[in-house]
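Trainee: One line per chain: the protein sequences are A and B, in this order.
Heads up: the first sequence is residues 1 to 398, going by my numbering.
Heads up: the second sequence is residues 1001 to 1260, going by my numbering.
One should not assume that every hint holds.
[As the list claims (entries may be wrong)] Stretch-level coverage of chain B by chain A, calculated; a stretch enters the list once three of its residues show a Cβ under 8 Å from a Cβ in chain A: (1) 1093-1107; (2) 1110-1118; (3) 1125-1131.
It is worth saying that the hints were derived from the structure and are not from the lab.
Using N, Cα and C, we set each Cβ at its ideal position, and we do this for glycine too.
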Amino acid sequence: MTFLPPITAYTCVCAVGRGRDALRAALTGMVGGLTRFDDPVGVLDTFVGRVDGLDAVELPANLTDYDCRNNRLAELTLRQDGFEDRVRAVRDRYGAARIGVVLGTSTSGIASGEDAFLAWSGEGPLQSDFVFEHSQDLYSLSDFVRRRLALGGPSYTISAACASSTKTFIDGAQLIAAGLCDAVVVGGVDTLCETSLRGFNALQLLSPVPCRPNDADRQGISIGEAGGFALLERDEGGSGTALRMIGYGESSDAHHMSSPHPEGLGARLAMTEALEMSGLRGGQIDYVNMHGTGSHLNDRVEDRAIADVLGPAVKCSSTKGWMGHTLGAAGAVEAAIVLTALEAQIAPGNLNLKRPDPEARCRPLMETVPAELRHAMTNNFGFGGNNCCLVFSRDDAR
Amino acid sequence: MRLRVAGISVIGSGMVDWGQAQRILRGAESWDADALTVPTPTILSANERRRVSKLVRLALGAAEAACDSAGLARGAMDCVFTSALGDGAVTQAVMSALRQPGRAVSPTHFHNSVHNAMAGYWSIGSQNHQASTSLAGGQGSFGAALLKAALSLSQSGRPVLLVAADHPFQPPLSGTRPTDGAFAVGAVLTPDVEGAAGPLLDIEGGVNGPASETDTKALHGLWQTCPAARAIPLLEALLNPKTVVLEAGTGYFLSATVSP
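Please model the entire structure based on the sequences and the hints provided.
Mentor: Structure below.
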């Protein structure tokens, strides 16, 4: 019997604001947060989902070694929606050693390394204030959060491109199921950096307008930054939550490093496995948050896979028009969106969708609408052909 | 969590394969820190072979050899890959490109820069469509990956291929932390069901640290500076069954008990 963990706290920070209320207001008001990227070298013509105010965020005095844009966003996110208070209460109840930290990121604090390389004379060592271990190192994120929350359970960072933080929910559930942890902090953080912006530009995937996933006129992706955390617990622990994860699926395309499988083989495998584990039929999924990056190929392949596995009538949308593609944090943000949708009984629209792709079989929602949601799915597909699908459920609905 | 080690492989500084590694661990052969033969992955197409870094070649070599030693089909296993350091060569290539006017990054370097490049190339080369995780846990990366492999296996009942690999940084990145020596280890882990082969491995979480150090004096430096080499105490336990302690992320420790 697979353990299905209650979700007793969650939060996120992205371009539409800090915390769940800001997220919900943006979703219902159909107001996005993408802004034009001001390229210091004047090459990139694109929009980004930037989180305002990170420059002013200070890490606790004992953790200033970890200072970098990514850990500042982690710090800011921990402060929202009482998340750190809930973790503290759980730590007092179970003990620090029984609480794990598994977080996702694609680039961690690499912006600090980029700054060091940009400032480098070309000879000798890099500037001495660049501490690899506490910034660029992928583990820096989980290590910072572990120390910030004074937790002593297992901790590691999953870095599987755009599926990174999606997968952390699986590890959290497994750690509790195996009896190693009583609670696990999952989610992830990714921040804007040169590597991601210039890299996606090199692949000709950056959109010159705010991204328009699933639109016939889509021109590519907009990159964003975000932090998102969720607390999975052994039981609902007096939190009164009715939210839980009820299934997951993972697969590998085994096709290409940066292009999806043309028939969406991996996407289908992940969704099918998640459905089976949930004990649901396709028709019982009330809403799907699509990976929906806005790239031509991703959106077409995902549309077909969803139509085949769940049926073309399923309510679905990509929410990347609000905050952009937040890469390794996308899974955490989109989990927060799905959980918000389940709590608020809304199905989020597909921001910036004006003219649905006539070749698509699914019909993504143009607007956010009230909806009876009991079971909702979220997809993320990453480079390396790494696919992950989660199903969340609200116990008390209907 | 109880499992079996059905296959094992090692490739790294001074060790061409598990056979040579065993002789070094038993003291039957001296260790040459400067010898490193990075394998050419036979499972990739010629085009992909040209694109992959030394780190990926080490990891794929270890993955292939572990599967061969277990005699299990490459495509049938869930996968867990870890590298604490990541791909320094690719990262440095991307960051050096940022120093040029226009800051143009190579598309191949970019898609190779993801931490799951090793896992991605392995899935392509082995036509493996199973679940695949790539993680990092500092000096506790190998322990974290072993923990994740045991979790997956105990819940899915499917065998898991575990690969840990680290390769040294080059200047100037090498000035940011010690990264001496290359090391990759592969292990095929299976549920302990009837007919399963290989030594038994019992994993228990939440034990007291510190992590076991290597008993092989010559390898102490490698154990200290190359995070994947934190697997060496477990390899020693496979030769002389005993309990070793591994760190799984900073400050959390597992015991791993090998019995024949």
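Trainee: Run every hint past the structure and note whether it holds.
Mentor: Results of checking the hints against the structure:
no. : hint      : verdict
1   : 1093-1107 : holds (count 13)
2   : 1110-1118 : holds (count 8)
3   : 1125-1131 : holds (count 6)
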